[in-house]
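Starting from the known structure of chain A, fit chains B and C onto it as the hints suggest.
So you can see what is in the structure, the chains are spelled out below.
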Amino acid sequence: MSTVSTPAAPAPHAPAELPRPAGLLRKLIRRPATVGAIAFFVLMVLAAAAAPLIVGDPNSFVATERLRPPSPAHWFGTDNLGRDGLARVVYGARASLLVGAITCLLTTVIGTAVGIAAGMFRTVDLIVMRIVDGVMSFPVIVLALALMAILGPGLVTVVISMVVVFFPGVARVVRSTALVVSELPMIDAAKSAGAGRWRIFFRYVFPHCTTPVLVQAAIVFTAAVLVESALSFIGAGLPPDVPSWGAALAESRSYLSTAWWMWCFPGLALIGTVLSVNIVIDASRDILDPREADK
Amino acid sequence: MLSYAFQRVLALLPTVAVPLILVFLLLRLAPGDPAAILLGDQATPEQVAGLRTELGLDQPLIAQFLKFLGDVLTLHLGNSLFLHRPVVEVIPQYAAVTLEIGVLSLIIALVLGVTLGSSASLRRNTRRGRAATALGIVGISVPQFLFALVLILVFAVGAHWFNVGGYVPWSAGAWPHIRSIILPAFALGLGETAFVSRITRGAVLDVMQEPFVTTAKSLGIPLHRINRVHILRLSSLQILTVAGLLSASLISGSAVVESIFGLPGMGRLLLDAVQRRDYQLVQGIVLFTGLVIIVVNLLVDLLYAVVDPRVQLARKIK
Amino acid sequence: MTAPVNQRGLEENVTGTEPLLSVRNLSVTAGPYDAVRDVTFQLPRTASLALVGESGSGKSLTASSIAGLLAPQLRASGSIQFDAIELVGQPWEKRRQLAGSRIGFIFQEPMSSLHPVLTVGQQIGEGLRAHFDYSKAERQERIRDLLSLVGLSKGRQIADSRIGELSGGMRQRVMIAMAISCSPDLLIADEPTTALDVTLQKQVIELLQSLREKMGLSLLLITHDLGVVAEVCDSAAVMYGGEVVETANTAELLHSPRHDYTKALLAAIPQLGDKRDRLPTIATTAPWLSDARLVPRDQRPQTTLVQESDSHWVRRDIGTETR
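Protein chains in written order, with the working numbering: chain A, 1 to 295; chain B, 1 to 318; chain C, 1 to 323.
So that you can see chain A by itself, here it is in the shape it has in the complex (with noise of 0.2 Å):
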């Protein structure tokens, strides 16, 4: 499975010259290659809430069309009920979009108020980064099955025990930067000022946590896509009845070498997808970490 949130999210060094998101976005545009998976991605969201207008129902099946190979009446086939593959690949990207977006979200909200309470208050740190970090180290589709057991199957379930798992890793890094930041000079010179911890809070350091947890952010975006993905494939995840891309290359698995196409686009789609936010969040870490250039 591929991992959640590397531990060592770059330890912000130079603060000063973090660049803010616009500032990320104007550089990333300047790389062909993060250009090209920006492109990708956009098209994929685009397709996923134009889901109705452009293809058909997902679910709706003609018996008499099984397992036909890509056609231009089915670009994508048919899979083993009959159903149009490009709809199930497009109805999919929409599932796991949409369950990538609510994790994200709520991930990124969560964590951000732990890891300021934990940056600005002591007692809180001590504590509560204990448990985070207890938590952060359980493995997540344990926890979301073990959740399944108690709350029953769908889309609650998964979220909740993905935010769960997820969550201290962005709490982590606004707690890093918020502890790098008020190192700096800068904060000695406001309080010198008079200004008061919440000011100095909201007005110096949270600025500079926007750009790391965006890129954490980004992160668990793809954590929760691929482990939806797996939860769906085994039966734990999405309704059986929401077209999902692990739910379909599920189905392909008897079909393996006589229907390609069944496992083939929804596999393509799913890794496109997260392919592309990766190369963009690589970007992104080159851009931040000076130290990375190596040319």
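These aren't lab readings, by the way, just hints derived from the structure by calculation.
Beta carbons are placed, not taken as given, at the ideal position from N, Cα and C, and that holds for glycine.
Where hints are given, some of them may not hold.
One-sided excerpt, in silico: chain A residues whose CB lies under 10 Å from chain B [as the list claims (entries may be wrong)]:
hint : residue
1    : F138
2    : P139
3    : I141
4    : A146
5    : T222
6    : A236
7    : A250
8    : L256
9    : S257
10   : G267
11   : I271
Label pairs and their computed distance ranges (CB to CB) [claimed, not checked]:
hint : chain 1 : residue 1 : chain 2 : residue 2 : range
12   : C       : G168      : B       : A134      : 41 to 47 Å
13   : A       : G23       : B       : A17       : 41 to 47 Å
14   : A       : R203      : C       : K94       : 55 to 61 Å
This is chains B and C only, laid out in the frame that chain A set:
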């Protein structure tokens, strides 16, 4: 060394607390009566009432938790509803399978990953190095089950070297047993290989720029020796750091891989238990998983001290 | 006459009259910029030469290019002749054979230039392994000998320690021990005393001198400390803005400097009993070093080194070859 070990155990206590509390709350937060849930639909009211008192469900939460702790420590984890055996009996045999495959895939991931990552960093301006870097980023974008499917397609269906699934225990022969676990081990391991290779690449790139590497060059030490002795020694620290994460990932992945290959491991046991609402078993598995994570983290911390003795001298600052 | 070939397959100069190190028109470039330009000086056998200059004058880069330790983005051109072997343009594999065994390098910052986790013994041992075929026992004995040669008496204990456990002075001695471990002919010391306090500085300088005598080493000393130059070095080359502006025997350089920069440098040294309120400072006379620090080479003034007397060379603008 001993005092360091003791320190590390103390530091891991909060990590122990999390699965414990999770499991405790699991049952009590579920809709319905915990005792009824545990005993399933077939239980009589008397049985349910009996279990209620036994579990102390009428008492305040703290008392319940203490009782629960006591049960855990004395390994009174109840019986599996469907397997009709004590949980503590059921888990070990399934765990053995998972651990065996897990360790094998860890070795695969480390060996392949470090090699790939070294190539990606030390030869980063060559075609081989660039390919290795690209493989790394593509590899982490592929879900484990996809690796499994492709491996099955190529080696089992295509080449007929291996079976598509099914587990053969040691008792049936060494070679058949190995044949049955190689593909699953690779399916798990390849996914992590990419991750390890990226960490290695980053770590080696960091160390390569250090001044002491230049000193080694000034002494005329050949590059391959510098890489092996001077650089990798320090890079391995960063790799160790993610070993804990790696194991969590492997355990997660094993649920999927065991389900694909039909292996009687803990992942599949958990899946079945969840689908059958076998709560005692689920609880036991979650606790066991927590235990494994803690042991692994402890091992990693101890290895840390061996590889970098400086760690024992200074307190680790989180 | 064919020169004899030693066991490393490199030609050796037997006559002994040629200087050990002869640098001619050395330039180190990064794209259109010259970080070091037209550096020329000679170092005879068993002699010592100082490369003197302020920070950024290019002295460390010159030293690195002699040792073959330039960063990959930099290119060296010109000529560096070590014992009649041309070094510029050689691939690393060839230069590696000289590294350690014939050219030793002492780095400025021992804390970061020594491996943090390997023990002292292991690190020195690595250098020995690269050039010699000792058994483990022989190697350990050699390590102890080296450590006592640099004034570290508790050899066994130190060999088992890591550099974090040693004091600053001890670390510098370990650095020196490593540099001389394979008995080189040329020792390059890059500001070996800069990171140390005054008492340690004296000890290190004395150590270097005694090693020179014992081992017949030639010494190329990089420094900005003119006092050390006066004490230790036979000759000196003053560098500024990446160029050698003057080179001469030390005594002559200090008493009758000819280049404006050298004169300003000497005038800026505070003297004991000095009654002036302000020390003279050196305004940046080199326009190519102003804000951007480096200016493309075609925009720099054209100068050349002129020999104004026996072994005294001074940089003059082309066309103004008078004093």
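Outcome of the hint check:
The interface hint given for A/F138 is met, as the beta carbon of that residue sits about 6 Å from the closest beta carbon of chain B, less than 10 Å. With a cut of 10 Å, the hint placing A/P139 at the interface with chain B holds, because the nearest CB-to-CB distance is about 4 Å. Proximity of A/I141 to chain B holds as hinted, the smallest CB-CB distance being about 4 Å (cut-off 10 Å). For A/A146, the suggested interface contact is upheld, since its CB lies about 5 Å from the closest CB of chain B, less than 10 Å.
A cut of 10 Å between beta carbons decides the hint on A/T222: the least distance to chain B is about 7 Å, and the hint holds. The beta carbon of A/A236 comes within 7 Å of a beta carbon in chain B, closer than 10 Å, and the hint placing it at the interface holds. Checking A/A250 against chain B: minimum C-beta separation of about 8 Å stays under 10 Å; hint holds. Below 10 Å, beta-carbon pairs count as interface contacts, and A/L256 has one with chain B at about 5 Å; its hint therefore holds.
Checking A/S257 against chain B by beta carbon gives a least distance of about 5 Å; that is within 10 Å, so the hint holds. Residue-level restraint check for A/G267 holds (minimum Cβ-Cβ distance to chain B is 5 Å; threshold 10 Å). Look at A/I271: its Cβ gets to within about 5 Å of chain B, closer than 10 Å, so that hint holds up. At roughly 45 Å, the beta carbons of C/G168 and B/A134 sit within the given window of 41 to 47 Å.
Evaluation of the 41 to 47 Å hint for A/G23 and B/A17 yields a pass: the beta carbon distance comes to about 42 Å. At roughly 59 Å, the beta carbons of A/R203 and C/K94 sit within the given window of 55 to 61 Å.
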